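Knowing the structure of chain P, use the given hints to seat chains U, W and Y with the ligands on it.
Chains as they are written, first to last, in my numbering: chain P, 38 to 433; chain U, 38 to 433; chain W, 33 to 177; chain Y, 33 to 177.
Everything labelled a hint here was simulated from the structure, so no lab data went into it.
What you are looking at is a predicted structure, and each value in this text was computed from that prediction instead of being measured.
Yeah, the Cβ is synthetic: ideal placement off N, Cα and C, and Gly gets one too.
Please note that a few of the clues may not be correct.
[To be verified] Selected chain U positions facing chain Y (Cβ under 10 angstroms, derived; list incomplete):
| id | residue |
| --- | --- |
| 1 | Leu74 |
| 2 | Tyr75 |
| 3 | Ser76 |
| 4 | Phe77 |
| 5 | Gly78 |
| 6 | Gln79 |
| 7 | Gln83 |
| 8 | Lys151 |
| 9 | Pro160 |
| 10 | Pro197 |
| 11 | Ser199 |
[What the hints assert, rightly or not] According to the in silico footprint, chain P covers these stretches of chain U (three or more CB under 8 angstroms from chain P):
| id | region |
| --- | --- |
| 12 | 49-59 |
| 13 | 135-143 |
| 14 | 333-342 |
| 15 | 345-351 |
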Amino acid sequence: MDRFIYADNAATTRLLPQVLNKMMPYLTEQYGNPSSLYSFGQTARQAVDEARDTVAEYLNCRSDEVFFTSGGSEADNWAIRMAAHAMAKKGKKHIISTAFEHHAVLHTLKALKKQGFEITLLPVYENGIVQIDDLKQAIRPDTALVTVMFANNEIGTIQPISEIGAVCREKGVFFHTDAVQAVGHIPVDFAGLNIDMLSLAAHKFHGPKGVGALIIRKGLRFANLIEGGAQEKGRRAGTENTAGIVGLAEALKLACLDMEKATPPMIAKRDRLISGLLGSVERSRLNGDPIKRLPGNVNISFEGIEGESLLLLLDFKGVCASSGSACTSGSLDPSHVLLSIGLPHAIAHGSLRLSLSQDITDEDIDTLLEVIPPIINRLRDISPLWEKILKNEKYE
Amino acid sequence: MDRFIYADNAATTRLLPQVLNKMMPYLTEQYGNPSSLYSFGQTARQAVDEARDTVAEYLNCRSDEVFFTSGGSEADNWAIRMAAHAMAKKGKKHIISTAFEHHAVLHTLKALKKQGFEITLLPVYENGIVQIDDLKQAIRPDTALVTVMFANNEIGTIQPISEIGAVCREKGVFFHTDAVQAVGHIPVDFAGLNIDMLSLAAHKFHGPKGVGALIIRKGLRFANLIEGGAQEKGRRAGTENTAGIVGLAEALKLACLDMEKATPPMIAKRDRLISGLLGSVERSRLNGDPIKRLPGNVNISFEGIEGESLLLLLDFKGVCASSGSACTSGSLDPSHVLLSIGLPHAIAHGSLRLSLSQDITDEDIDTLLEVIPPIINRLRDISPLWEKILKNEKYE
Amino acid sequence: MAQFYSDKVMEHFTNPRNVGEIPDADGIGEIGNAKCGDIMKMYIKVKDGLIDDVKFKTYGCGSAIATSSIATEMIMGKTIEEALQLSNKAVVEALDGLPVNKIHCSVLAEQSIKAAIADYYTRQGIDPTPIVGKLADPHQPICEL
Amino acid sequence: MAQFYSDKVMEHFTNPRNVGEIPDADGIGEIGNAKCGDIMKMYIKVKDGLIDDVKFKTYGCGSAIATSSIATEMIMGKTIEEALQLSNKAVVEALDGLPVNKIHCSVLAEQSIKAAIADYYTRQGIDPTPIVGKLADPHQPICEL
Ligand SMILES: Cc1ncc(COP(=O)(O)O)c(C=O)c1O
Ligand SMILES: Cc1ncc(COP(=O)(O)O)c(C=O)c1O
Chain P
38 MDRFIYADNA ATTRLLPQVL NKMMPYLTEQ YGNPSSLYSF GQTARQAVDE
88 ARDTVAEYLN CRSDEVFFTS GGSEADNWAI RMAAHAMAKK GKKHIISTAF
138 EHHAVLHTLK ALKKQGFEIT LLPVYENGIV QIDDLKQAIR PDTALVTVMF
188 ANNEIGTIQP ISEIGAVCRE KGVFFHTDAV QAVGHIPVDF AGLNIDMLSL
238 AAHKFHGPKG VGALIIRKGL RFANLIEGGA QEKGRRAGTE NTAGIVGLAE
288 ALKLACLDME KATPPMIAKR DRLISGLLGS VERSRLNGDP IKRLPGNVNI
338 SFEGIEGESL LLLLDFKGVC ASSGSACTSG SLDPSHVLLS IGLPHAIAHG
388 SLRLSLSQDI TDEDIDTLLE VIPPIINRLR DISPLWEKIL KNEKYE
Chain U
38 MDRFIYADNA ATTRLLPQVL NKMMPYLTEQ YGNPSSLYSF GQTARQAVDE
88 ARDTVAEYLN CRSDEVFFTS GGSEADNWAI RMAAHAMAKK GKKHIISTAF
138 EHHAVLHTLK ALKKQGFEIT LLPVYENGIV QIDDLKQAIR PDTALVTVMF
188 ANNEIGTIQP ISEIGAVCRE KGVFFHTDAV QAVGHIPVDF AGLNIDMLSL
238 AAHKFHGPKG VGALIIRKGL RFANLIEGGA QEKGRRAGTE NTAGIVGLAE
288 ALKLACLDME KATPPMIAKR DRLISGLLGS VERSRLNGDP IKRLPGNVNI
338 SFEGIEGESL LLLLDFKGVC ASSGSACTSG SLDPSHVLLS IGLPHAIAHG
388 SLRLSLSQDI TDEDIDTLLE VIPPIINRLR DISPLWEKIL KNEKYE
Chain W
33 MAQFYSDKVM EHFTNPRNVG EIPDADGIGE IGNAKCGDIM KMYIKVKDGL
83 IDDVKFKTYG CGSAIATSSI ATEMIMGKTI EEALQLSNKA VVEALDGLPV
133 NKIHCSVLAE QSIKAAIADY YTRQGIDPTP IVGKLADPHQ PICEL
Chain Y
33 MAQFYSDKVM EHFTNPRNVG EIPDADGIGE IGNAKCGDIM KMYIKVKDGL
83 IDDVKFKTYG CGSAIATSSI ATEMIMGKTI EEALQLSNKA VVEALDGLPV
133 NKIHCSVLAE QSIKAAIADY YTRQGIDPTP IVGKLADPHQ PICEL
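This is chain P alone, in the form it adopts within the complex:
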């Protein structure tokens, strides 16, 4: 293997050693149960409380609005299901979302649909951004909830959360945002954006896997997803994952403290990678808005090739990346995200997502720009589809 370049930070990130250090006491001597009375347990309790304060500080919410969960999926499920059921009792059974949400949202909505909810999925257009007028038109008297992601996980586009929040607040509709890809990467201001509920996951910003949070605006009280003990003020049962919670808070703090300094160079690398690939590979295109996108997100489609074989060849070169091809996921259709922005199936299959972190150096970008084009060419050489494209034959 040549160099190891991890360019799949939208899938998961490296746990930072500083974060692990903060967690270590709770993985060793400090194993007390935070719900226990004795001082050994109260030390863990204090750590959890401090973590909650840290989260509140960096997301601009109140400490008592922070509820720790096992990750982004749980937070999404909890927020959407429970708001939906609560509103259904008031006769409101309409939910608005977008066509390119994460499956944690879309599959939850699908389950709700089976239970009689009506779901409107807003279009996201070629640039992968929701239009506020569409939202305004979609809101009905029986709309229970609007759930729109903060930033998309595949194409990295950032949604007009502030406007959406304002519209929802004005119309008196609850607003949940899946901010799993945004938190720790771009500024997220819970109170300032009129958000009612917000999901996040630690492992997307160099924290540990298996821990996340749902921020719930003070005063909102829906049913629980996980019933049981009195943890999290009786709203999310389960012995607290102290180490995970401490890790989440530390990772968030580090990410937020670093953000202002780290973002411009990250964007520079991202844009050099994008223009380098588009420049050197014919019939390639950038997916998603070039400006309103996450600092680390690159998503490009290459005609005539299929994503999985591209990923395997990149793997040989030590490059970890991801694709929206169906073959990667084991489903039949390519990524619903790429289809939602109007890509034909065949082109969606040939997509590559490179998601950067601060670990990525300028040399890594050079390597990527060096390594990727020949792989594309190699695959095109043996591709009967590329043959058709060159001959301008109709396909699909």
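Structure of chains U, W and Y with the ligands alone, referenced to chain P:
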């Protein structure tokens, strides 16, 4: 602080260094997403698969019956809610459980009751054990599910799971057991006991917090609690907590390999502690069956005192323990478990649970026997209730 | 060492002041019940309208013991009128706060002192109600307040 | 280094055998479509009833490329009858297995060879159907099998 004696292993346990060692690669270099195609992700995938095989091996189930969760509470919620909803579609809306289940079960049942389910809670009698005839009589044509814990978390009594499994199988009723306190402590044979679903949590057997599993019998397929990605064969979404899962399996393996050797000395210590306390403190009683109980569980009530103040004074002596008093939990009534075995409130308030692990030495037992009686006496000295008891006055 | 309670609560819990009984007390008040897990019993000795001595016995949690202890300190040597003005809030403040679910303990302390004073007046042949006000029923669970 | 695919699949994916086109092929078969993300195109040269040469081009995932590669090896030099008997199962076995959701690739390989042979017969003026059997519609998504 004198000696540090952690005798609250039913609340949570020390993460074993050997277990943490196994987890460390996944908290450092091996941070790949197990769902990723590239070899870096597949290494994590392999670790998760091996963990699944290990769990299957030690619980006598199939690997494809193991679904990792964020802990015991999630597993309980998932099993009970989803089985209930599936059965409700067939007109079966009756659920049988016991009066002394963990809140993860009882509060889930309470939520279901609000949704129109009918709940029968079997009595557990003075010895804290369900009687099989009660179960037989309770099963009705519309019974959807029986959920009975494997072993109780407060008084440690072990339930007749084999008989319950047989009855349920014979009557064609699904059987879930909350085995959170049993797994890793006593033999648990999923297939051999006719169990349909079983919950467990790693942190109860020296594994990490924030990870557990639901074992679901092959062929059973209910809805998901957490919808989203394709993880866990599409049945439990969320990026896999690789380190946690690996830790769970390793802890389970160590616990099971050690069990035969470790159990008799643990029982000897438990029994010495019980008889020592009962012998030296007047008006004290053991809660729960003396024989059919977990090897590490001691639960004794001392008349005339309240549990929380006992715990605080024990804390000064470096002893971590727990109580069934209301004051510990912040609720008003003392533990529903102690009430379920017929203890009057006043006596339930004066209970002490000491739950041992292998870390507890014979000297620790000596210390406990030395330290506890004077504390009881001290509290009784200032207790107006004890005054009444001595005078044979009626109270309550 | 992290604690559930404030240092002040812990200090009073560990070294409670004025514990015990006054055999020839002028007034005794008992509030709470075993079912709730809290009973406070206050003994007072009154001299020249002043609380000359006070002692307590308490069955209950850490904060029950600590609130009884500090309450005795707060009324010792005070006039009956001052003692009657001791509010549960003052007790909580003197202890640097109590967890929310423990506030009822401070109510018990206030009420048991009032009950002892009421008992004192009754023994003097004076109807305490106009002076002390309506007391909580000693057998009602104050913890549910 | 843990892998998604067997070593055999990886080996054929990395070094595919018989890649390319045969300009004067006796039969060409193409199966799959861009929508599904898989297209296999097989070229055969027939001599004395034997597969004298075979080449392929494939657009698709790792296993699509690997199955095409190993399938060409498996029929090279064989009689047409033998080539027709190549089953997708045999291809999977030869690769030491495929992930469940990749089995359709082996079907593509089998079908594209049959299609090439059918094309060969058609060019000879022989109706291929009785010999080759019914082929999958090349424009139907085989991936949904
Ligand atoms: C019997 C029982 N069930 C369920 C649970 C819940 O497990 P967890 O706290 O890991 O969610 C516990 C422990 O808290 C337990 O003892
Ligand atoms: C936008 C978005 N939402 C939700 C999730 C789910 O998070 P987790 O895997 O931590 O449950 C992810 C990542 O997988 C995501 O990218």
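Structure-based check of all given hints:
1. Leu74: holds (5 angstroms)
2. Tyr75: holds (8 angstroms)
3. Ser76: Hint on Ser76/U: holds, closest Cβ of chain Y at ~5 angstroms, below 10 angstroms.
4. Phe77: holds (9 angstroms)
5. Gly78: Gly78/U check passes; min Cβ-Cβ to chain Y is 8 angstroms, inside 10 angstroms.
6. Gln79: holds (4 angstroms)
7. Gln83: Hint holds; Gln83/U Cβ to chain Y Cβ min 4 angstroms, cut 10 angstroms.
8. Lys151: The hint is violated - Lys151/U has no Cβ within 10 angstroms of chain Y, the shortest such distance being about 41 angstroms.
9. Pro160: violated (48 angstroms)
10. Pro197: violated (40 angstroms)
11. Ser199: At about 36 angstroms, which exceeds the 10 angstroms cut-off, the nearest Cβ of chain Y leaves the hint on Ser199/U violated.
12. 49-59: Holds, because 6 residues of the region 49-59 of chain U bring their Cβ atoms closer than 8 angstroms to Cβ atoms of chain P.
13. 135-143: Held - the region 135-143 of chain U has 4 residues with a Cβ nearer than 8 angstroms to chain P, which meets the minimum of three.
14. 333-342: violated (count 0)
15. 345-351: holds (count 4)
Hints 8, 9, 10, 11, 14, counting from the list given before, are not met by this structure.
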